[in-house]
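Here the structure of chain L is known, so what remains is to put chain E in place on it, guided by the hints.
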Amino acid sequence: MITATHYLILSLMMFSLGLIGVMVRRNFITVLMSLELIFNAVNLNLIAFSFRLGDLSGQILAIFVITVAAAEAAIGLGLIIALTRIKDTVILDDANEMRS
Amino acid sequence: MDFLVSHFAEILFYILAALAVLGSIGVITLKNPVHAALSLLGTFFIVAVLFVLQHAEFLAAVQVMVYAGGIMVLFLFVIMLVSVKGLKTQAAFLSPLIPVAVIGAILVGALIASAVLLGVFATGNAGPEALQMVDGEILGNTEAVGMVLYTKYLVPFEVVSVVLLVAMIGAIVFGRKDRFIGEHEGEVGS
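So the protein lines, in turn, are chains L and E. Numbers in this note's numbering are just positions in the first sequence, counted from 1, shifted up by 89. Numbers in this note's numbering are just positions in the second sequence, counted from 1, shifted up by 3.
Next comes chain L alone, as it looks inside the complex (with noise of 0.2 angstroms):
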């Protein structure tokens, strides 16, 4: 029998994961993958939840989480895009100085 523990176990071990790529890695798109990774697991996470309770809420709130990662992921390559024009690098440690 899967309960609902086993899909929230699932959902923190990705979530950490996660959080983990995007503390750790200095690579700007790695650290943008592993954001979308947290989302992920937070879907799973409503989901879970969703059908444990019957509630089709879950399934709303998860479809909003995956416009906004769509948004977060335009907002966080055009940034790339800029990053590479001004320094030419998409390593985070390089981008140091405020001014352009």
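For the record, the hints were derived by calculation from the structure and aren't laboratory data. Even for Gly, the Cβ is constructed at its ideal location relative to N, Cα and C. Do not rely on the hints blindly, as some may be mistaken.
So these bits of chain L aren't anywhere near chain E, every CB distance computed over 10 angstroms [unchecked claim]:
#1 Thr-119
#2 Asp-144
#3 Ala-184
#4 Met-187
Chain L side only, calculated, beta carbon under 7 angstroms to chain E, not exhaustive [claimed, not checked]:
#5 Thr-94
#6 Gly-110
#7 Met-112
For chain E alone, coordinates are given in the frame of chain L:
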């Protein structure tokens, strides 16, 4: 064989979970951004299958179309667009790993505790019918989601469209080539 049939759901879940975790590990450890992106793509598909197992069929379709079809293509475009020649010489990971690992271990412990606690409270298995019900009759998950989305959650739905508009304008502004030509006539800041 009997064991396989009677425990099919469990075996399927554990295989999918292992693949999802492996894909996640690939995203954060692979050096080449293209390899990491493909690993992330695999993880998205696995998560879509897990959505189907949880009777969220519409969400699974949205996951495949938006994530695998839209966001991943965007990522791969940008990876191809920017030059990555400076990446090989530098270390891919942050140097002080130990404090990060300690913070991560504390967070993971708290999350495991909360996950087990919440899972205990959410044992009421309502069954898939509640997720397919429209006005007391069972039609399907897509119909039910549409009904709730366009009645109860209409205002958030409209607000989210503003979020998308702002993101679109922001991406265009960041991507413009001549946005550094400003007060200083013709001077391109860099």
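So, going through the hints one by one against the coordinates:
no.: 1; hint: Thr-119; result: 6 angstroms, violated
no.: 2; hint: Asp-144; result: 7 angstroms, violated
no.: 3; hint: Ala-184; result: 13 angstroms, holds
no.: 4; hint: Met-187; result: 13 angstroms, holds
no.: 5; hint: Thr-94; result: 3 angstroms, holds
no.: 6; hint: Gly-110; result: 4 angstroms, holds
no.: 7; hint: Met-112; result: 5 angstroms, holds
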